[in-house]
Amino acid sequence: MRLYLLFLTLFFCGISFAQNSITGVVTDENNQPIAGANITVVGAKEGAITDFDGSFKLITTQKPPFSIDVRALGYVSSNVSVESITQKVKVQLNSEETKLNEIVVSASRAPERVLQSPVTIERMGIREVKSTTAPTFYDGLENLKEVQFNTSSISFKTINTRGFASVGNTRFMQLVDGMDNSSPALNFVLGNLIGLSDLDVASVELLPGASSALYGANAFNGILFMNSKSPFINQGVSTYLKYGQTSQDVAGTNDYVDFGLRAATAFSKHFAIKANFNYMKATEWIAADQRSMTGGSIGHDGNQNYDGLNLYGDEASVFIANVGQVSRTGYREQDLTDNKVHSAKADFSMHFKPWVNDTEIILQYKLGLGSTIYQGANRYALKDFFMSQIKLEVKGKNFFVRAYRSAEDAGDSYDMRFAGLNVNRAAKSDTNWFTDYGKSFQLSSAVLGLNANDAANYARNFADNNLSPGLPLVPNSNVTNGVLDPRGARFAVGSPEYNSALASIVTNPDFTKGAKFIDHSKIYHADANYNFKEMIKFAEVQVGGSARQYEMNSEGTIFTDYDGPIRYNEFGVYAQGSKLFLEDRLKLVASVRYDKSQNFDGKVSPRVSFVYSAGANKTHNFRASYQTGFRNPTTQDQYIGLDLGPYALIGSAPENLDRYSEVLKVSAAAQDPAGLNQPATVTMGGQNAYHNAYTKTSVDAFDQAVAAGSNKLAAGAKLQVADINLVKPEEVHAFEVGYRTVINNDLSVDINGYYNIYNNFLNTARVVGPYYGTVGTDFANPETAKTLDALSYRDRRVYQVYTNTEADVSSLGFGVGLSKKVYKDFEVGVNYNYAQLDFDQAEDPGFVTGFNTPKHKVKGSIGNAKLFKNFGFNANVRWNTEYLWQSSFADGMIQETTVFDAQVNYSIPKLKSIIKLGATNIGGKDYIQVIGSGAVGQQWFASLTINP
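Take the sequence shown: its position 671, counting from 1, is numbered 657 in the working numbering, and each next residue is one higher.
Don't take each hint at face value.
Unchecked claim - Within a straight-line C-alpha distance of at most 20 Å, the following computed EDC-like cross-link-like pairs (lysine to aspartate or glutamate) qualify: (1) Lys911 - Asp235; (2) Lys267 - Glu114; (3) Lys852 - Asp275; (4) Lys519 - Glu556; (5) Lys255 - Asp395; (6) Lys704 - Asp732; (7) Lys714 - Asp830; (8) Lys499 - Glu520; (9) Lys651 - Asp398; (10) Lys704 - Glu769; (11) Lys582 - Glu541; (12) Lys523 - Asp471; (13) Lys898 - Asp275; (14) Lys267 - Asp344; (15) Lys855 - Asp37; (16) Lys704 - Asp689; (17) Lys326 - Asp689; (18) Lys499 - Glu556; (19) Lys369 - Asp570; (20) Lys810 - Asp241; (21) Lys852 - Asp689; (22) Lys326 - Glu379; (23) Lys589 - Glu792; (24) Lys852 - Asp235; (25) Lys76 - Glu114; (26) Lys911 - Asp55; (27) Lys369 - Asp344; (28) Lys267 - Asp241; (29) Lys651 - Glu520; (30) Lys896 - Asp39; (31) Lys841 - Glu882; (32) Lys267 - Asp244; (33) Lys326 - Asp275; (34) Lys772 - Asp830; (35) Lys682 - Glu641.
Hints in this document: simulated from the structure, not taken from any laboratory.
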């Protein structure tokens, strides 16, 4: 509260300084005003930005005479002398082709022209943010070359570059003002939940390849940098309001609202503050895919073991003698959540410049709160999910030191699969339901003469609704621990019983009865960098390092942290040198990084690259690079311990194998004293999953053989023992070449190709652990023979374990990007990307690559920011071929898609405002980007932005 009051006081109270006010106007060579030009005092950090009419007001403590530097994107900068405080400064800037001189920092951790970047880099600046055809700048990233979006929710989109990405892309890093935006528990970015507002974006830079040599373990397959505006330069109050509608075949037409506010001021050249606030609400892209995950037709009519993709509760499945495999009746996803999406994010920062040099101290707090849907192994309703970051940073011209903490709270989030399972169980226990089904199936067939399909429908009606026309059936009455199990009729969606049960279940973290998950995980991180360019002259040398601690705290609902938080540490150090040769035409860059994680051996990541600038004006730039990258197993890979119903996830940290255990019921047949004489329950855990299991593919083959009439001993020849090694870091060797130029000052060309070789590719595997016996292939051994009985009686547990494949995995691709001014201020752009996976499935039949990337992608754009006075437009089109989607939730083909987006905008200089009207997926059909998630529909929006 004290900080909040201080913030308000600093903003709204008058504070007096010895300041001068300089006014002026900036125009182009046609005497047209230039909006958004940056004016800074030479030798100081005081500045201003021009309004829509090109005017500016500069507050400075400097006394004339002094000089100001005037810059605007697309124009040649100018240096102007100010002789008196009464002088009306007039500045005229000449147009310039900016593709030559855009500055990027991320590729080498040092400023350089984008043409001279040693690796492929894509950039979005303020101009591109304002002209994007998407509802937000973050959505607009999908139009960048090499970017493929994976959409889990209307507000949860993850970036895929160069493949191997699902909804949770742990191979991609996102930094906002230097802070890793990844969720502490999930280890991947939650879209733009805690990112930047459209009003505060200064620049966005994307490196689509491996960057571990400079940025550490998780910069494995791409990294995104989002940089915000400085309150010393970009001052004032800005706001926007967007209203629109979304349209989807399932969800219908619904309202979309987005509001943003930015306020910044510099009280002096030493102190400035900034605040941002954003709020968005919409209706979800509803997931309603009914395909059967167990094969067969859609719906229980004709498929008594139907398991619909976006229905939950039907995962409860049992084999009933003389009936077959049967599943319970599920609930639709749209009935298990309110399908409403909202997000609110805010950030507050104080900036101090205590000395006359460039040193700046920043104290920043960011928070994000939202409700959305995340798809991992299950579908999760993230309700009031909260994440915050607090940072202290000191930076100067040649260095930075920062430390920050990321923390999250799962709020009222829950697993929708377990919500469906336990709503069913609240009405009638699994034991009672399957007993009722088996009894009514056999009696209706024997007494009423029903065929198998009609008997199945009759049995489901009785098991669900306790109705048995023609037969005097009574629901089963099973007793557990002296208490009668539920034996009522299925709860109808929307009924008081259903609503009460669901409300209770989503607040209960016990997955045997509830669906809520708890998460209070944190990350503590610090990093530093120093550039010796002013001390070492023969080359530009910089060194740096980072340290991080993970703290997992899910109270046993995600990780095996039931007895308290689990912590582990990692650190890294790096050095880089760069030097120019051959009259500054050849630039060599070499770097090396060493990283050590608590649970794994240290890793060295080298990188070497060169850029050669040919041509009289050094505009033909050839680049080549080699680097290694690596990725440590995530917190989930190591410490997860989660029962998902049909299978359990068990991380492979050595101590985690003993931390996870569960008690499972043994079949009645196996308990028979005259037979196997097994106990009523067994305790299974991580040791079973990793050291006493068969591969799931071989167990499926065993089942098929038995179903075809083979005896279990003959079918046992199909079984293969799972040889699962504990997980270790994966590595990539990345080779890249490229060429970038601007021809005749208006045709931009960017060509790149890459080849990646992966070692120890991180992988999940499905295995099946028998409740009793020792796995093997010598069934003459009595203990091994018991496993055949366990598999036959369905006394078995499916696990998803985390390991590495020894198979050879590689990928290659190339891209071409062109943009050109074709007539006056019309600019046309087109880019093409090719991506290919090289992997022989026979080397590791159980390995799932999850490449999830189309082989061919084409994107095009046309726009004109000055179509006529104050009016501009932009249009984008995206096309991709169909491709295979693989994930732990579902596999399937993503269909070929063409998407067209467009926007028109009108500036009102007198009101310092822009009105924009835009639409996405214009005239297109609903399309999916993730198997299991909602299809993306159409969206239109209108926005008013004041003082952008």
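- Query: In ascending order, which of the hints set out earlier in this document are inconsistent with the structure?
  - Reply: 2, 3, 4, 5, 6, 8, 9, 11, 12, 13, 14, 17, 18, 19, 20, 21, 22, 24, 25, 26, 27, 29, 34 and 35
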